[in-house]
Structures are given as structure tokens and as C-alpha cells.
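Trainee: Sequence:
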Amino acid sequence: MVTAVRALDRKLLRDLRRLRGQVVAIALVVASGVALMIMSLGTHASLRSTAEAYYDRYHFADVFARLTRAPDRIAERIAQIPGIQRVETRIVRYASLDVPGVAAPVTAQIVSLPEDTAPALNALAFRTGRSVQSGRPNEVVIGEPFALAHGIRVGDRFDAILKGTRRTLTVVGIALSPEFVYAIAPGSLMPDDRHFAVLWMGRKALAAAFDLDGAFDNVSLSLLRGADPSDVIARLDDLLAPYGGTGAVERADQISNWFLMNELDQLRTMSRILPTIFLAVAAFLTNLVLSRLISTERSEIGLMKAFGYSKAEIAIHYAKLALAICTLGILLGWIAGSFLGRYNTALYNETFRFPFLYYRPGIAPFAIAAVVSLAAALGGALDAVRRAATLPPAEAMRPPAPPAYRHGAIPIPKGLDNSTRIVLRHILRAPVRSAMTVTGVAFAVGVLMLALQWSDALDRLVESEFHDTRRYDISVAFAEDRSRRVLHEMERLPGVLAAEPVRNVAVRFRSGHRSHRGTVTGLPAGARLEVIYDAVEGVIPVPEGGLVLSSRLAEKLQVGPGDPVEIEVLEGRRMKFSVPVVRLAEEYIGMPAWMDADRLRRLTREADGIARVNLLVDEAGEDALFAALKKRPDLAAIAVKRLAVEKFNETMGKIILVFTGFFLLFAGALSFGVTYNAARIGLSERGRDLATLRVLGFTRAEISYILLGETALLVLAGLAFGCGTGWALAAVMVSSFDTELFRVPLILLPSTYGLGVVGAACAAVMSAALVRRRVDSMDLIAVLKTRE
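Each residue of the sequence shown is one higher than the one before, starting from 0 at the first, in numbering that gives the first Met the number 0.
A few of these clues could be false.
[Stated by the list, open to error] With a Cα cut of at most 25 angstroms, we get these calculated DSS-like pairs of lysine-lysine: (1) LYS162 <-> LYS629; (2) LYS10 <-> LYS319; (3) LYS630 <-> LYS575; (4) LYS629 <-> LYS646; (5) LYS319 <-> LYS304; (6) LYS640 <-> LYS629; (7) LYS10 <-> LYS310.
None of these hints come from the bench; they were simulated from the model.
Start from the sequences and build out the full structure, keeping to the hints where you can.
Mentor: This is the structure in C-alpha cells:
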């Protein structure tokens, strides 16, 4: 028996060597699926483990709350809430920075630090320098991303306007914080390290600058193990309501962590969808190769059974062939996936800032990818292995019956030449195999289109968000509500062509037992600089007495036009009222809601104050406007739309370029594997026929046309079906990436279809060229002597 097993193993090695081209092609498809799975799962595991270690080591808080002003003694009452482990009160304010070499004003979020000691929560990871010290009110610690963007070092100085007072600040430390892994300015979508900074300043100095001596306006909490965050938040909101509390949030809803967790969820989604395509195609190719091999080795199988090999031994032998091919693909996928995972993790670290980066995917992604791949290979080989094991010896010793060509359901036109008729008859002879080849090519086109679609979708998202909705050039937010006079002041600034006020009110929406914490945007009637824009129907007029909801928010609340929505204001007098939904709007970013500004003011019973003004600016006067804005003491944040668009395109453009490169390679491997195997199987099946035609006088070009013409027709059909497949894959991926943060529009431009088709076709041409070389070098005598 040992000798028998060794003989079968030697035969296995000979088969692998003889089929090396097809083995490599299938292995590349398997490797692509494995690499994708390991890249996604490995990046997900590494980022999650890094975030968890970072959060734990630097005591990232569990609950966060903002308020207007509360005396320090309230901290003791907060600490008495059941479930709270630790309380950290702080001051958090916004200011404008005047950084040398930067024309546009820079927005800074300034967070207080206890002097001469480390904070109990949200501790800093110092990259260089030290923390602030008491008695030195102008010392600050600056966030590393901003420091790197401007080349700022410890000891450097720059000016800042703190509640109307210009002060020169000295950098004594550069650090990162778990609270600002994803640091974005108010109203932004992407980190802009050149125009948004996070600073930490001594508690006493910041309190003196903003008239908050003996008070705080921000609090962070850590919870005891097993404590219910919702119960703690409810009690905390009740306690802080008289002090202007705007509603506490747990860690899951903290803006930086929320962005990070959304990205991790998307990575997990990618690890499930795309590898499935590659491994399914690999299973199909394995079945094709084994089926053809078993068909040509009928007599060998009969002899093996005659010499006493059992069904199990023969089945195991052919299963080993499938596993050997898959194992090669797994090994290649492990190597590629490990490299791509490390690169992808480093790419994410340019957006999500960590003081250290653990690329430790563990064995789980590798094991999962291997098990899934082996299962796919065995599943694909199961039918072929079963037929080999159950083939009767007497039947196996006889050559297979020649194929029966008969009139099929699809007639072949009579006007075609003989070579073309041979091609069509062979395609129709094996409809299932032909259909699977077409499907494989279609998926190759679809995968490439899936990658290219993101560029189309993000272009549309930018167009909708930054041009259709936000038609202003600059948005100015004030530290405190200003009177209507400030609108006229803004209109008189140099370069300003028009100015419009906007009001954002923090609220909690309720409909039955469903709720959502968000913002109502109050727009003036006839607003032109910021409008309600529906991605399908265009501009929607500001309603006089109702509420316009984004379709995603309406879906969450399960309401529609005509339904009432209860609104609880989380600031000011904290009014509660009910407003009917008058219309829905399809938005791609966030879950906004809009009302008429005057109607909103009356319902909230607030004074006619202005917190934000949108400006339309003459480009020629932009520098003069920036200089004037830097001198204003009442500004909290300045958002320049042009800079936001540039940063969005820069960040997303780099990510799209990298991912498109990945998917181009993977789609090429898929197309190459499918096409090469189809042509090679056709050559092995029809070698004697083609050699006979050569002897009868057919030229090499005619022989190649007969063989590769079949492949070409199947590839063309696959390219056509691939356009529909790409649309379907994009639809599935878009629906899986639908989050509260953003929705990706399903946009596929004609150029995307064209590039997807061209990319897959190029890979098919390469594989056909390799097979053509085999046809040209075919030994006619040896082929004609071969028994079929």
C-alpha cells in the first residue's frame, strides 16, 4: 500500500508539472481572493488592536458632554452618579491662529490641561517636548499633524486670538490624543492639517482667557465595568440641563471614534464580498481542469482499479491535485496579503493618527482565508472527484464516445465559413462550461468597474455636497451668537459679494420609540448660498411651516411626508415641540434636517441671534478678506470651501489610486485565469482535431482562429455581461457602505464601463497569446499518436 501511495504521489507531481500553466492561472485567482481577505481582515484587526491599546493606555473616556458653563463644584455631584469611575472637567474653546506663511485663517480647538500633572482622562501621547507648567500662561502643546504640516517645532511661536485678545503662544510640546485620532474642524468631513489645529493649554490660563474661572464647559467620564452608559447619560443630562448641557454622548458617538469605527466596519464588509467572487471562480476553474484531466485519464483510472486501487485512494489522489493547486494559491495570497495589509494599514495611519501602529493581524485572517479557499477548491472538485472514483473499470478502459453534434435549439447560420461554424458548434456543445467562462470574464470586468466606480461616486458626492448644496465660498462661525448687525459687518468686508445667516440647533428627534440626536439647520426664506438640495429633484424651497428631512433620517425615524416629528432642543431653553414633515431630500452626507430660520427661532423662543454666516467672495479680494477676518476677535471657526474640496480630493484621490491599482491586478489575474484555462482546456480537448486540420492543409492562423475564436467569442460575451455584473456589484457594495455618516451614490460613467472592458480584455489577450505560442509549436506527429 505504501508503494501504491508513493506511485500516486509521483503521478500527482507529474500532473502538476504537465498542467503548470493552468495550475499557476488558478493559483493566481485563489491568491487574489486570499490576498483581498487577508488585506481587509488584517488591516481591520491591526487598526482595531491599535485603537484599543491606544484607548486603554491613554485612558480614553467613555462619556463626553458639552455645556455652556457650570461651577467646578458640580463635578462632585457628577461623581456621585452610579456607575461613574472617574470625572475630568475641562474647558474646550475655539480660536483663530495666525500662522506665518498661511494666508487663510487657521481654526484651532483649544483644550485645557491641568498644570504640572497629567490629565486623568484623554491623556496625551507626547512625541517631543513636555506639558504646560503653572505660571506660564502662554505655553501650549500642539497636535502632531498640524506641527508636521507647518514644520513647527518645540520653541516656535505663533499668534492666536482668544476671545478678542491677540496673544503669542509658545509651543512646549507636540503630542497626539486618543480624543483626536480623526481630527476635523466643525462642519468638515476630512482632516485638514494645514488649516485646523488642536492645542492644549493650561487650565488656569484658558479659564482666564474665556472668563471661566472656577467653571468648566466640558466633562469626560470613565465608567465602572458593567455600568449602563444610557442610564449614566440620562442622569448626567438631567444634572447639566440647567447649565446649558447639549446632551452627553458615549464613546461610540464621539466624533473621532465614530469615524474610525465606521471605517473598520467598511473594511469588514469588503473582506466578505470581494474574496467570495475570486474563490467561487477558482472553484469553477478547478472543476474544469479536473474534469478534463479525468476525461483524458479514463484508461489510467481503469488500470488503477484493475491493479487494486480503491475508490477512496483514487478520489484522494484527484482531491490532492485540487488541494495542491489551492495550496499554491494560498501561499502566494498569504505573502501578497501580508504585504498589502501592512501597506494598507500604514495608508490608513496617514488619516487616523496613532502614536504607535501594531500590524499584528494574528493567525486568524490567514487561517480563515486558508480554510475558505480549501473548502472552495474541494467544493469545485467534488463532482469531478466523484466521477473518477465511481467510474467502472470496464467502461474506463474504453475511449469515451465521440461528441454527438446535432441540431440544437440555437441554429448556426448557413452563410458562415467552416472555421466559424466549427467554433460555434464547439461552444454550443458545452453550454454550461461556456456559460461559466462567460461568467468568469464578466466578474473580472465587474471587479475592475467596482474599483473605478468609487471615483465616479466621489466626484458626484463632491459635486452634490460642495457645489449644489453649499454655494458659498467661506463660512464664518462666531464664538457666541451675534446680533443682526453682524450680517451688515460681514457684507462690508473686502471681497464679500453676498452674506447669508444660517442657524444650527442641536436637537433630539423622536418618533414613537425611535430617536436620533442631530441638528436642525435654519435657512432664511429664499436662501441662495446654502440650499436644500435633493440629489434627484434638485433645489427644494425652504418650507414655511414644516420640516424637510434627509431620506436616511426619515428611514431611521420611520416617518414620511405628513407625519409629525417631536423635537427636543438640547440648548438654550430646551424647548419641546412637534413639527410635520413636509418633504424628504436625498442627501449623501450625514442625516440633516432643515426648517425656515424664522419659524425655528419662534419655536425655540430664542433671540434673533446669528451664529454662522455664509459668504460669497470675489476671488480677487480673498487675501484682503482673510487679513480682515484674522483681526476679528469674535470668530470661532472659518471654513474655506475651496480648501475643503482640495483636501477631500487629495485624500480620497490617493486612496482611490491605491485601491484601483490593487483591483486592477486582481481583476487582471481573474480575467487571465479564466481565459487561459478556457483556451488550454480547448487545446487539450481538440489537439488531435487541430493537428489533423494542419495535416489537411489548414494554416497556423486558421488553426489559431478555430481555437482562440471560441475563446474570443466567450470573452466578448463576458465583457458585455460584465457591464451588468459591474453595476450589480457596485449596487451591492454601495448598499453595504450605507451608514449614518455618508452614502455612496451609485454612479457609473461611460468611461468606467470602457476602462473595465479594456482592462479585462487586455488580460484576456495576454493569456490568448500564451496559448497561441503553444499552438504554433505543436508537434503534429506526437499529437496524432496520442490516444484520446
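Trainee: Taken at face value, is the distance from the CA of LYS310 to the CA of LYS10 at most 25 angstroms?
Mentor: holds, 17 angstroms
Trainee: Going straight from one Cα to the other, do LYS640 and LYS629 come out at no more than 25 angstroms?
Mentor: Holds - the C-alpha atoms of LYS629 and LYS640 are around 17 angstroms apart, at most 25 angstroms.
Trainee: LYS630 and LYS575 were given as a pair; does the straight-line alpha-carbon distance stay at or below 25 angstroms?
Mentor: violated, 39 angstroms
Trainee: Does the alpha-carbon distance linking LYS319 and LYS304 stay inside the 25 angstroms limit?
Mentor: The given pair, whose Cα atoms are some 18 angstroms apart, holds under the 25 angstroms limit.
Trainee: Does the alpha-carbon distance linking LYS162 and LYS629 stay inside the 25 angstroms limit?
Mentor: holds, 12 angstroms
Trainee: Under the criterion that the straight-line Cα-Cα distance not exceed 25 angstroms, is the pair LYS10, LYS319 satisfied?
Mentor: Holds, at roughly 11 angstroms.
Trainee: Do the alpha carbons of LYS629 and LYS646 lie within 25 angstroms of each other, as the hint requires?
Mentor: Answer holds: LYS629 to LYS646 is near 22 angstroms, not above 25 angstroms.
Consistency note: the structure conflicts with earlier hint 3 alone.
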